[in-house]
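Enquirer: One-letter residues, chain by chain:
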Amino acid sequence: MTIVTDSEHGHKNITRRRFLAAATSAVGAVVAGMVAVPLVDSLEPTAAAEAASSTTVDLTPIEPGMQVTVPWQKKPVIIINRTPEMLATLKETMQKGILKDPLCKVPQQPPYCTNMYRSRVPEWYVGIRICNHLCCIPHYRPKKGSVAPWWLGGFHCPCHGSMYDLSARVIQGSPAPHNMAVPEYELSTEKMSATITHMYPKAHLC
Amino acid sequence: MSRFSAWVNKRLPVDETIREHMTEYFAPRNFNILYYAGSLLLLMIVLQLISGFFLMAHYVPTSQDAFASVQGIMYDTKWGWLIRYMHVDGVSLIFILLYTHMFRGLLYGSHRAPRELVWIIGYIIYLLMMAEAFVGYVLPFGNLSYWAGEVITSIMHAVPVVGPSLTTLTRGGPGIGSATLQRFLALHVVLFFLIILAAIALHIVALHRVGSNNPDGIDIKKHKGPDGKPLDGVPFHPYYTVKDLFGVGVWLTIFVSIIFYAPTMHGIFMERTTFLAANPMVGLPDVTPPWYLSPFYAMLRAVPNKYYGIAIMITSVLLPLLLPWLDRNPVRSSRYRPVYRIMLIIAGIAFITLAWIGQEPPLPKYVLAERVATALYLGFYLLLPFVSMIEPTRPVPERVTG
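So the protein lines, in turn, are chains E and A.
Under my numbering, the residue at position 45 of the first sequence is numbered 47, and the numbers go up by one with no gaps.
Under my numbering, the residue at position 282 of the second sequence is numbered 1117, and the numbers go up by one with no gaps.
Do not rely on the hints blindly, as some may be mistaken.
[To be verified] Here are the simulated lysine-lysine pairs, DSSO-like style, with alpha carbons at most 27 Å apart: (1) 77(E) / 204(E); (2) 102(E) / 146(E); (3) 93(E) / 204(E); (4) 14(E) / 1078(A); (5) 76(E) / 913(A); (6) 93(E) / 145(E).
Simulated from the structure, these hints should not be mistaken for lab results.
This is chain A alone, in the form it adopts within the complex (with noise of 0.2 Å):
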């Protein structure tokens, strides 16, 4: 054994990487259960990656078959309704823990300097993964994914000068027909997919360059033992990767009770409107977008405005890439800077009322709040720059506090 593993060593760096990556990797003791969506997210790519697999061996990307494909992947496959649900349920479960993984990077600072790109590599994850998802909706070609396709295809029209025939070019004709899912489908499957995956080696491969930071925001490098290895750090294998495979086990054992008792999670994770064929000719009774894109649609809905609307929207999308020089306190964790904390909780809890109002139709009743909401959640972004260099801050400790 050790004769053939001396062989691959001598032509594939296996030992020195995993040495370096993961049994000499020293990362802070202090994880707590927030550190846990990093991996999970990398397992639910890889479970994505497979549903969706197998969902392609029976899947018609044309106008006339589309819809009934996908019935009859739900109805004459075999387990294909379980396949369909977990590529389903599957979306919106990586949306939570990526809204997870990011507030826990904002809570403790984990965009800071030396982070900066790998935050910046995550938050390009983040928006293609939200590019994925569209694509995704729109191939089962019932109603929602019909008008979502029209809709969000007629946003370029704004674009100035090319916008029109943008659109055309995305759709691939007059309307949402089989060509456009035809692109859609080798862009959900092949383009944007690959591009996510060689993001996410980047964002890792970034991260390990600085070693990961930790709830208290301190540097582990600072202190280190005799033998040269952070006094707060232990080995990511075995410690973290015992951990994260418990972190597995409890995570399917709510994925799998998801898709077997509350496969739609009443309507929240599958919409109703999915379930008609596509019509051009009858619009739908609610226009809600899927609830992890719900809260850039709400502020987009905010405006009364076309043209400020989608720049509000765009730009309330982009403005977390500046965070890295937004904040501008020497501290990095939320836990020793309360007034960076209160802002971060507000604009949180603004994020999630607009997810929700976004849902709701567009009623005179919810206006008021989702110009509020909108308002705290950029305020968040426009005021750090100037509270994050007066704020007061405690003592950060130098050693981690668990």
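So here's chain E without its partners, still in its complex pose (with noise of 0.2 Å):
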């Protein structure tokens, strides 16, 4: 057997030989690259990592006007359940135009909580606890003037000053640029229970 080299069928092996060559290399990608996806989603969490990470709490020992900060994820979300002065104050801090983004233009919660309470149910807020600013956790300062003379009630941010109303919407004057963020969450009160569940994507949280 002798290796065929000459110029008669030189043409003819080279043209086969390239397409041959081509055809290997594309199928070979095609094949690695198939092999790689399952590798590479194999990295994803686990579904006993995903069912570790969302949170649920019992709203049954929270009274009207007493708060409960959880740790969800690694990080702390606060649930307030608000009296009725505490809901009034958020229309007059609107009517005194102190909030930077008082109609919640900026996505810091998921469209079922773009309204003025920022929750699912007027009464019940659950947000996450960090300062948009540089991701301290805030003070509650539910208390009429106890930061201020003016102070309706809200957050006050014990690192560079930020200051939240009582729906964690950013007031004039605090280094913080947006609203505090508020996590995607299910609540029922029927039940009396929030679940936590993921970040809303959109929003930043510091």
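Put the two chains together into one complex; each comes in its own frame, and the hints tell you how they fit.
Expert: Here's what the structure looks like:
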């Protein structure tokens, strides 16, 4: 068996060889891609990790006017049972014109929370308690006149002084640019429980 | 492109290496199907590295969580079952290829001069693979993993003087626990693995120094054409690169069929007892090693004495290292040595019989066959020095016969 390299067959051989090489490379690349996809996907959070990533809170022990801060995905989430007086302050801050983004134009909250209460149910505020400026945990100051004489109730950050109302909407004069983020959550007043599930993708924490 | 190529080649011998080991490395033109095993082994080692890496992203090496983490890989992790089966089935297929590769070597005299080092380095790779498979086997921490770890590390007790402390040192504690799993993981992923890679590199370099053997056992460099190239040789690239690529295609089809349609190979590639959690209080219903270690286990069992049994087992594992010097006939390939060929076939059948018996429970009905097969297998090595000096051989051709 001799190696055929004579020029009669040369041209056909080269074309055939090029075609075969190209075809094999193309198929090889497709197969490599198909193998790579499940391997890379395997690095995504497992079902167990997904299950551990949502937190359910029992709302029954939270009296009107009280708050509870729970850990969710290593972040503090505050749940406030707002009284009618507290809800009235939300209109007041808007009338006084002291809010940077009163109509929640910047998508810091899921669509079902784009209202002045920034919640599914007016009485129950659920939000991530992280200051939009540089990620500190703001103090909860519900008492009128506590932070300043004009203070109607809300959050005050000890790090650089950002201020928010009782819907965590940022007040003028704060270094924080936007309202505090609200996560995606389920809430049932019949069952008296709330489950925080994901971060709202368009929101920026800080 | 050629200016870039010139820049690189001034600093790294890329073109020179490709010429020396691929395009101007002349391999015999009569390689048969047995010659696919080497390149397929290279492929499998890469696949084990890839599948192993992705497994390690989820595995937890502690006695509390190891088993659960593997179950998590099988059920929770996306495609986890595929990656795990790829890794486990890969092990059995590697050993099938290793035994094919070694048998090819013995069949055609590839272990003879001047390839003694190729054989020795290759055999060391085989021993390292057994060690690598063993430490990997303990990691899932099923009941089989636990007891296999317990039994094998107990073998070290037999070492005189330092035995018991050596066993404790290996385990990192009184029994097989987290300390054992952590160091076995380190051995499996880092130490044994890297030494295997280095040994493979040396194996190939040693082979290329001398040139490949062939089924006729003759030296192709003896007959060169006017251009200095061996008449019976073909450049490795493109002939064997393309042929091996085809071999990869066929092999991957087989590999994938096993992963999807018979991932445990009905208990042979993955035993049922791997799926039960480790339990120091409950032994196994049947005690068998994985099939690829089974022949040596059967030889151990054939001897009714603890120390002699271990000695026979270790001897049978190490004897093949001496083969280049045990075989003293001037003819290499069994194609021209009918007596050696028969001895080899008998030894091969004995080895396979021992593998099968090793998987059966230690009942009296198997004892005779076990001992006879052990005697036949060891007899091959012991008789070879004498038989090879006096056996009749057929005339060896000058040129390869295809």
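Enquirer: Run every hint past the structure and note whether it holds.
Expert: Going down the list of hints, with the structure as the test:
Of the supplied pair hints, the one linking residue 77(E) and residue 204(E) holds, its CA atoms being roughly 17 Å apart against a limit of 27 Å. With a C-alpha separation of about 20 Å, the suggested pair residue 102(E) and residue 146(E) falls inside the 27 Å cut-off, and the hint holds. Between the alpha carbons of residue 93(E) and residue 204(E) the distance comes to roughly 26 Å, so the proposed pair stays at or under 27 Å and holds. Restraint check: the Cα-Cα separation between residue 14(E) and residue 1078(A) comes to about 21 Å, which is no more than 27 Å; the hinted pair holds.
Only pairs whose Cα atoms come within 27 Å are accepted, and residue 76(E) paired with residue 913(A) is accepted, the gap being roughly 24 Å. With a C-alpha separation of about 17 Å, the suggested pairing of residue 93(E) with residue 145(E) holds against the 27 Å cut-off.
Hint check: no violations occur; every hint is consistent with the structure.
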